[in-house]
Amino acid sequence: MISRLPWLVLTGASILACAAPMPPLVCPAGAPIGNVDLRVISAGNAEPLPLRTINRVQEGDRLQYRPILRSGEERKGKVSIVLVPANRQATGGKLLILEPKDAKQVQEWTVPWRVSVVAFVYGPSGLNEGKIKNFLSRDDELVAQLAEYAEKTAQTEALISALSSPNSSSALVQSALQGFSSQFGINVQIDKNAPPNQQAMALFRTLNPAIANYDPIAPRASQQVGQTASLATSVAALFFGSPVGLAAGGTAMVLELRSIAFPKAEFRSLLSQTMPGDAMGLCGRIDPAAPHTKVAYLWAARLPNLTLPEIYVKEANVLPPGVKSPLPVTASDEEWKFIDRARTWALEPETGLPIPVTVHKLNDPKQLEIELPSNLKPGKYKLAGRWDWDPFQLRGDVLIRPLADFQAARLTPSSQDLLVARTGKVPLTLEGADFEFVNKIEVVKVNDKFASPYAVPFVLPNGIRRGQQDRMDIQLNTIDMDPGPYKLLLSQVDGRAHPVPLQVLPAPPQVENFPVTLSQGTGYTEFTLRGHRLDLITGIEVSRGKAELAPPSSDSTSRRVILRMATDIDAGTSLAVRAFTNGRTEPLTFADAVRIVGPRPRINELRVSQLPSTDVQLDRGELPSSVLLSSMIKADHLQSNSVVKLTCAQPNSAVVTLRLGERSGQMSLQQLAPGQLFMSFDTGIWLNGCVLGATILNGNESESEVYQIGRVIRLPRVESLTVTTEGLTPGATLSGQNLETIEKAGWSDKEGVTVPGLPLTVNGEGLKQTLEIPLPPPTAEQTQLFVWLRGEEKARPTRIRPPAQPAKPPQAAQTPAPPAQQAQSQAIKPEQPNQ
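The sequence shown runs -19 to -1, 1 to 816 under mature numbering (1 follows the signal peptide of the UniProt record, and there is no 0).
Hints may be right or wrong, so weigh each one.
Label-pair ranges, simulated between beta-carbon atoms [stated by the list, open to error]:
(1) GLU686 - LEU741: 44 to 54 angstroms
(2) GLU567 - VAL589: 52 to 62 angstroms
(3) GLU567 - THR332: 42 to 52 angstroms
(4) PRO711 - VAL743: 36 to 46 angstroms
(5) ALA432 - PRO489: 30 to 40 angstroms
(6) THR393 - GLY520: 15 to 25 angstroms
(7) ASN744 - PRO711: 53 to 63 angstroms
(8) GLU567 - ASN494: 42 to 52 angstroms
(9) ASN633 - SER607: 12 to 22 angstroms
(10) VAL743 - GLU507: 48 to 58 angstroms
(11) GLU643 - VAL589: 46 to 56 angstroms
To be clear, the hints were calculated from the coordinates, so they are not data collected in a lab.
Using N, Cα and C, we set each Cβ at its ideal position, and we do this for glycine too.
Taking the hints into account, I'd like the entire structure generated from these sequences.
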């Protein structure tokens, strides 16, 4: 290994002792050959510059070689310089091999003309000078090969440097790899974060299909072609000419150089590594050469001979401090090819001293990667550097802005309301921070240890690094997201993820029975909301009214609401209802939820025509069952589409709807005058005990209050009563229909006899029945039969009268009656009403 001092101008053959040790040279492949310092000294410029980064070497400039020796090292052999002229016509088209000199001394050569390629040759066993003159007339093909060799050397060294440095960004590695692989007309993509063997595999398989099955970790010697511990080692092995066959520059140039200029020499490539103080550490193969063959090492550099480059800063020129960031630029292809030879880069503020920065070239597209210090103040800067000894400045500004902390970042209120579970892809907007440096967004569920973050698509309004952007759009696919807390992970160009809380909402409540209709002038109504998830509603608002919510049902599908509305709202008005729910910033709006219609119809009077005569007396407000009745209705606010609805107060009872002018069987509804209706209806439709009511509906808009018509009663129909006055079992027998409704009977309303059994059907006489009642004979004062219907405690008078008692004969001797006349019976028919 070799140590060296920072560059010093040395005179004569003196070599200064090292004041501080240089780090050891570690070669990715091959072995250390030695450390050297190659510089260009130009008249009028005090500072010599490293040869490997120089752009122009002109007539009169001096090339200086200085060996950098480790303690106890002796540098044997000779060194030489090969020059290719920039203007071959002016120089006769010859390349020039300068005089070989002692390798252990500081040496200098004066350049006779402007140069396009400089090659450094080191022969540890010396260099033969005999055929140099002979060579000068045969170098046309060699010149082109030497230029190609120099270019590929630079590309390989750039890739090895990027791969070897732990601080290299992925973009820098990819850029260097593209330059290296472009030698072979292909494009290679590798992931710097992948394991080294996978990186090497991707490189080898792309560069040479013949080794597509190469296994970098295979134990067999036949598969260990270029086997190394890292990708940098693999690239170096390829450059040095392993059996893979990718020796940079090809074998033609090496053979020609060896046979013409350096006979009996085996040429081997050198790769340089940058050492402290711009020194070069040289690496090459050290395996034994063939007998009687000298080893010569070759390193070459191409000189572009370009004037000051003109580079323009493009958009996306806003960069954060403390981060390696790409700066897009435009430049000619020739200038861009050699832009990494610019040096001493700095950011120049509008006022103050320049701030040194590290700059690397990135390809495809053209970008400069700038490593900015973390303490760089926000503001406007110019990026400047030096092209050899001359200063130059990029055209355009570089703006420095700090990274955001996203402490106040959140979804906009409207976006939060859109974030509903299992609804698919939802466009959302973030606000509350500067998002210009965001380059990745992920989302993950909170409090779920098995949840993994997944990527979220996003769009910046102006694009990354294009100035302050207080909003950004994202798209969340909620198809697999449950209601509950989540967090967005916003990563900026520094790679740090910042959490932003997120609340995924449940599906909103649904109301299925809007609109609610109110008649004009109605100030109060109660109704039941029906739908789903009604428990989520925390309040309701309606214009020109107030709403009160009752608790929801257990399944949240129904909820009572009381509406109190202004009474002066015009008919035809449609009002929206706003429902407030948990988690939403804006209420849900239900359009056309309340409709104000014309005045509510009202039944002022419903008078049933004279009821038919019945065997059992009806009380006031009762209607006989199974009878066709007529009625007169007086009502207000009737319309052409008005209907009358008849139904019982009991749930699940039959409903009869009659329309104006309609006749259904024996039932009908006719309009006699603007406020008068004539209605015929059959009470046999409803069950016994039904409290029958009528309402008028004006279409679907309004409905009158229920007008109670009466209670439907199923009465027994008595055709005759047979009374047995004598015998062992005196009693009475009723004949008629519906006799099963009688529970008790008696000759007074105070006391009745319970019917012991059910009536019997009379065969062959339809619905006719007979019912036996153990009824004692009536007294003289008992002139009417009373019955108690089932379920009733009060007796009802009937039209049944007891038979007249026979007159007592005068006192005389009695002739015994025949036995058949000892028991008498008399059939009594119901008393007919007066006609």
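Do the hints match the structure? See the list:
no.: 1; hint: GLU686 - LEU741: 44 to 54 angstroms; verdict: holds, 47 angstroms
no.: 2; hint: GLU567 - VAL589: 52 to 62 angstroms; verdict: holds, 56 angstroms
no.: 3; hint: GLU567 - THR332: 42 to 52 angstroms; verdict: holds, 49 angstroms
no.: 4; hint: PRO711 - VAL743: 36 to 46 angstroms; verdict: violated, 23 angstroms
no.: 5; hint: ALA432 - PRO489: 30 to 40 angstroms; verdict: violated, 25 angstroms
no.: 6; hint: THR393 - GLY520: 15 to 25 angstroms; verdict: holds, 23 angstroms
no.: 7; hint: ASN744 - PRO711: 53 to 63 angstroms; verdict: violated, 26 angstroms
no.: 8; hint: GLU567 - ASN494: 42 to 52 angstroms; verdict: violated, 23 angstroms
no.: 9; hint: ASN633 - SER607: 12 to 22 angstroms; verdict: holds, 20 angstroms
no.: 10; hint: VAL743 - GLU507: 48 to 58 angstroms; verdict: holds, 53 angstroms
no.: 11; hint: GLU643 - VAL589: 46 to 56 angstroms; verdict: violated, 20 angstroms
Taken one by one, the earlier hints fail for this structure at numbers 4, 5, 7, 8 and 11, listed in ascending order.
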